[in-house]
Amino acid sequence: MINQKLRNTLLGLSLLGLILLFGASAAMAADDKLDVVYHVSEEDKVGFVLNNIQNHIEGIGGPEKINIVLVSHGPAVKRFHDIEAVNKVRENVAKLQEQGVTFEACANTLTALGFERDELLSGFVIAEKGGVTRIAELQSEGYVYLRP
Amino acid sequence: MINQKLRNTLLGLSLLGLILLFGASAAMAADDKLDVVYHVSEEDKVGFVLNNIQNHIEGIGGPEKINIVLVSHGPAVKRFHDIEAVNKVRENVAKLQEQGVTFEACANTLTALGFERDELLSGFVIAEKGGVTRIAELQSEGYVYLRP
Amino acid sequence: MINQKLRNTLLGLSLLGLILLFGASAAMAADDKLDVVYHVSEEDKVGFVLNNIQNHIEGIGGPEKINIVLVSHGPAVKRFHDIEAVNKVRENVAKLQEQGVTFEACANTLTALGFERDELLSGFVIAEKGGVTRIAELQSEGYVYLRP
Numbered sequence: 001m002i003n004q005k006l007r008n009t010l011l012g013l014s015l016l017g018l019i020l021l022f023g024a025s026a027a028m029a030a031d032d033k034l035d036v037v038y039h040v041s042e043e044d045k046v047g048f049v050l051n052n053i054q055n056h057i058e059g060i061g062g063p064e065k066i067n068i069v070l071v072s073h074g075p076a077v078k079r080f081h082d083i084e085a086v087n088k089v090r091e092n093v094a095k096l097q098e099q100g101v102t103f104e105a106c107a108n109t110l111t112a113l114g115f116e117r118d119e120l121l122s123g124f125v126i127a128e129k130g131g132v133t134r135i136a137e138l139q140s141e142g143y144v145y146l147r148p
Numbered sequence: 001m002i003n004q005k006l007r008n009t010l011l012g013l014s015l016l017g018l019i020l021l022f023g024a025s026a027a028m029a030a031d032d033k034l035d036v037v038y039h040v041s042e043e044d045k046v047g048f049v050l051n052n053i054q055n056h057i058e059g060i061g062g063p064e065k066i067n068i069v070l071v072s073h074g075p076a077v078k079r080f081h082d083i084e085a086v087n088k089v090r091e092n093v094a095k096l097q098e099q100g101v102t103f104e105a106c107a108n109t110l111t112a113l114g115f116e117r118d119e120l121l122s123g124f125v126i127a128e129k130g131g132v133t134r135i136a137e138l139q140s141e142g143y144v145y146l147r148p
Numbered sequence: 001m002i003n004q005k006l007r008n009t010l011l012g013l014s015l016l017g018l019i020l021l022f023g024a025s026a027a028m029a030a031d032d033k034l035d036v037v038y039h040v041s042e043e044d045k046v047g048f049v050l051n052n053i054q055n056h057i058e059g060i061g062g063p064e065k066i067n068i069v070l071v072s073h074g075p076a077v078k079r080f081h082d083i084e085a086v087n088k089v090r091e092n093v094a095k096l097q098e099q100g101v102t103f104e105a106c107a108n109t110l111t112a113l114g115f116e117r118d119e120l121l122s123g124f125v126i127a128e129k130g131g132v133t134r135i136a137e138l139q140s141e142g143y144v145y146l147r148p
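Here the protein sequences come in this chain order: E, Y and R. If you're matching positions, the first sequence starts at 1 in this note's numbering and goes up one per residue. If you're matching positions, the second sequence starts at 1 in this note's numbering and goes up one per residue. If you're matching positions, the third sequence starts at 1 in this note's numbering and goes up one per residue.
Because the hints were derived from the structure by calculation, they are not lab data.
If several chains are the same, the list does not tell them apart, and a pair holds so long as it fits within one copy or across any two.
Straight line, CA to CA, 20 angstroms or less: simulated EDC-like cross-link-like pairs of lysine to aspartate or glutamate:
id	residue 1	residue 2
1	K129	D32
2	K129	E64
3	K65	E128
4	K33	E137
5	K129	E58
For clarity, every value in this text was computed on a predicted model and none was experimentally measured.
Just chain E, same shape as in the assembly (with noise of 0.2 angstroms):
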């Protein structure tokens, strides 16, 4: 008798071990979705990086599959300029946020700039920290990194 309550508290304490071993795995993929971090600063990758990033969430199986976030500093940002973007940029971001992708541009870089806020495309999360302290503290969360 004594033995099997004994045996009995053995198995409540070994699975509250291993709830507590795989508690953080299971929050981290909480919403079952890849996270991605991409990073651009160059002014001419622009382009390419928005057509890579539609092409992952199509190459994933679908936007219900990852979680992307672009964020750009650098002379990239001029890119995304409300008055200065052209037209393929401007379709390409509003298609990628319909898809979920989340655009965040570097404050530092706004204000080397001079841009004001309100003068990006629609959408746009300023990283108020800047671009690099956003990207690693992304990363540090368990967001893969892409720099294409």
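Mind docking chains Y and R on chain E? Use the hints.
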């Protein structure tokens, strides 16, 4: 006596726990090699990246210590075309393949460039879901990312 | 009484398990700093990367919050030559070193450029196994990767 039996049971459970704990990491390092995915998209980076990979193999102590996949997409893929490739690229790709390096090219890029699958240098694998999808996939399997 | 003793043993083992479980992650975060490896290979990215690192330190809340290593290889290393370096690079490197940033240069690149080890700016560490080997090594130790 009861105490002795229970101690044995507890020891057994502890060992089981430790095995469960370290099972995953043991599996990841099953072949004792560091897994690295290299990424190249610019044409003029191809020669540099091939040199980097050779240096990496030598720096880490030989091909038995490292497992490298080079995923190419965008303009870089042109340099791996079997007719266009210069001798230096052709020779270095072959030399790295002999050391176990895997070369993959983005299926979307092949379509965009109008290349057939058999027009690349011998041994190239096609990343069917696209280059960026493949790079993210490898990273989520534990590959370290290098983008020279 | 037996039950009580066994409960104490079980509690002890559970605590030991928890300590083992979280020991590794505790060790990794021993200094409470985020570890980041920056990577630069292009000459014309050097000034930009130095700015990025300064912004990162400020964005995260100061040098006590972050541990940064910049690994340079390829043409970028020329900009760190003690005679060739422009004042802006020289000053920014010194300023970042005062904030704890480590600068490393690829040994293979030094050989390729015909640079002696003591020809780089003061405080540079030589990555003896090569720049890419070092970057992968740091990543496998838990460093986040940034390639501006």
